[in-house]
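Engineer: Just so you know, we're using the working numbering here: the first sequence kicks off at 360 and counts up by one.
It is worth saying that the hints were derived from the structure and are not from the lab.
Beta carbons: idealized from backbone N, C-alpha and C, even for Gly.
Hints are not guaranteed to be accurate.
Unchecked claim - In the EDC-like style, the derived pairs of lysine to aspartate or glutamate whose C-alpha atoms are separated by at most 20 Å in a straight line are:
1. Lys669 with Asp736
2. Lys544 with Glu489
3. Lys821 with Glu810
4. Lys793 with Asp714
5. Lys836 with Glu819
6. Lys518 with Glu611
7. Lys697 with Asp768
Unchecked claim - Label pairs and their in silico Cβ distance ranges:
8. Gly418 with Asn647: 35 to 43 Å
9. Asp768 with Phe825: 29 to 37 Å
10. Arg668 with Ala811: 57 to 65 Å
11. Asp479 with Asp714: 39 to 47 Å
12. Ser711 with Ala561: 49 to 57 Å
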Amino acid sequence: MTLKLYNTLTRCKQTFVPLEPGHVKMYYCGVTVYDYCHLGHARACIIWDIARRYLSWRGYTVRYVQNFTDIDDKILNRAKAEGSSMQAVSERFIQAYFEDMARLNVMEADEYPRATHTLDGIKRLIHDLEQKGYAYPASGDVYYSVRAFHNYGQLSGRKLEDMQVGAGGRTEVTDTDDPEAPKKKDPFDFALWKAAKPGEPAWDSAWGAGRPGWHIECSAMVRDRLGDTIDIHAGGNDLIFPHHENEIAQSEPVTGKPLANYWLHNGMVNVAGQKMSKSLGNFTTIRNLLDSGLNPMALRLFILQAHYRKPIDFTDEAIASSQNSWETLKEGLLFGYKFGHSLGWIDTKDSSFGDPAAMRIDADSELVQRFQTAMDDDLNTSGGVAVLFEMAKELRKTGNILTHAGKTDTDSQSLRQQWQTLVVLAQVLGLEAKQTEETPSTTSPVPEKIEALIEQRAAEKKAKNFAAADRIRDQLKAQGIVLVDKPGGLTEWHLE
RNA sequence: GGCGGCAUAGCCAAGUGGUAAGGCAGAGGUCUGCAAAACCUCCAUCCCCCAGUUCGAAUCUGGGUGCCGCCUCCA
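Let the sequences and hints guide you as you build the complete structure.
Structural biologist: Structure follows, in structure tokens:
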């Protein structure tokens, strides 16, 4: 079986073949750190986290690099508004980023280059572009000459003559507010270097003090950290044009090589059918969402239910559905912790128990194969999740039978295999159930007391004082203790 | 104006030529004093519309309709 990925550059699904067998160089265009991350960022981060996890699971050694854009007008504006500095603002939101991602169980990248740490590489690249005739200085700024690059538009599939300048509605052709407009030879040219403005951070350069434009940092970081050509370049589909188009234009004339072999783009998160974005004001931050009680794994499921290239709609109903879905999956994932001991598994107390890295599963089993087939098809996560649910429901059922009947017909080792397969595959999607989620720390119930109450309830039932019997049941329920009446007048209890 | 995408049950969603995965929600039954839990069962003759190709179409082709994204802030 081969992994196929949809490549924006070629507009089709292609068999993934890395530059170097067994190794993958992957770069994800990360966030501009001027505010807390919202659900849209969560989607991108989770999807590329899963791409990376899946590649690793498929046996590749993945080198995963993600940048932080920490030089930007929006960061500066925020710093000004707060009477703070650009550095202080970006540090704060980088910290917040790490906090949010840890909660979402997004693995850390191998490296997190920042624009402010890549100035040498940026200046070198601009210098090379200038030497080769792709860039020109203009009163302290340096611009990229779009018409000098014949392949311009290859990624986004557009021609310069077909594009409307300012169609995005933010700049107008004759806009006098755009101070760069008169300096550009062509309206489509973009800034590689911006001359310093008074009171703003600036770095020395051959063109005078200033700061880099937005697109150049990614070209420079990829080159510095991963080399001239990488395997996978990922990001939101709103970055295809101009950001990724410009990255190609900046890198390829200098190196003479493709910047990336596979360009992968995720779809947007929508609210009421429209893209979630800062400018529309319809965004929800990750931390707000999680602080309001949404389980991070439920949020993952929300994102995984749809294919990564399609838009997904953020609604209360969808979130509630994901929350309930997670409860189902979680029961399957916790099976080993709840029943392993009673099934005679001897290692349930070991520190490595439940660790997917220590588990060996049957890679040829039908379920694993189905999972892999789905994921091999351009990361069809919703197909993969379906396999997880089938396994989780089966385990939940067995667990329920164990709770209610005390025994099961399925043999212990086979159950162990089923459980481990679920845990391992869930881990590939970054879905993990913490054992601690299960046990409420509020009250540790005293078994003798409960037994006494159960006996008391049985007596009340016998005397047909059902109201009194129900009060006892409700009282225990409030403490998280669920009573199970079984045939023959027996009552058992377990924690919720 | 240019480029691209999407349309499948009450909701979300996979499936891209062989007769509709999965999730959420819902219904009936068993059990029960009633519940809860559990167990069993059910839940799209059909995939936006029209025409065509084919033995066979949700899937391919042509034409519509509707919605969305990008066109120098963007994940």
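Engineer: Look at each hint and say if it fits the structure.
Structural biologist: Okay, the hints, checked on the actual structure:
{"no.": "1", "hint": "Lys669 with Asp736", "verdict": "holds (15 Å)"}
{"no.": "2", "hint": "Lys544 with Glu489", "verdict": "holds (15 Å)"}
{"no.": "3", "hint": "Lys821 with Glu810", "verdict": "holds (16 Å)"}
{"no.": "4", "hint": "Lys793 with Asp714", "verdict": "holds (11 Å)"}
{"no.": "5", "hint": "Lys836 with Glu819", "verdict": "holds (17 Å)"}
{"no.": "6", "hint": "Lys518 with Glu611", "verdict": "holds (18 Å)"}
{"no.": "7", "hint": "Lys697 with Asp768", "verdict": "holds (18 Å)"}
{"no.": "8", "hint": "Gly418 with Asn647: 35 to 43 Å", "verdict": "holds (38 Å)"}
{"no.": "9", "hint": "Asp768 with Phe825: 29 to 37 Å", "verdict": "holds (36 Å)"}
{"no.": "10", "hint": "Arg668 with Ala811: 57 to 65 Å", "verdict": "holds (59 Å)"}
{"no.": "11", "hint": "Asp479 with Asp714: 39 to 47 Å", "verdict": "holds (41 Å)"}
{"no.": "12", "hint": "Ser711 with Ala561: 49 to 57 Å", "verdict": "holds (52 Å)"}
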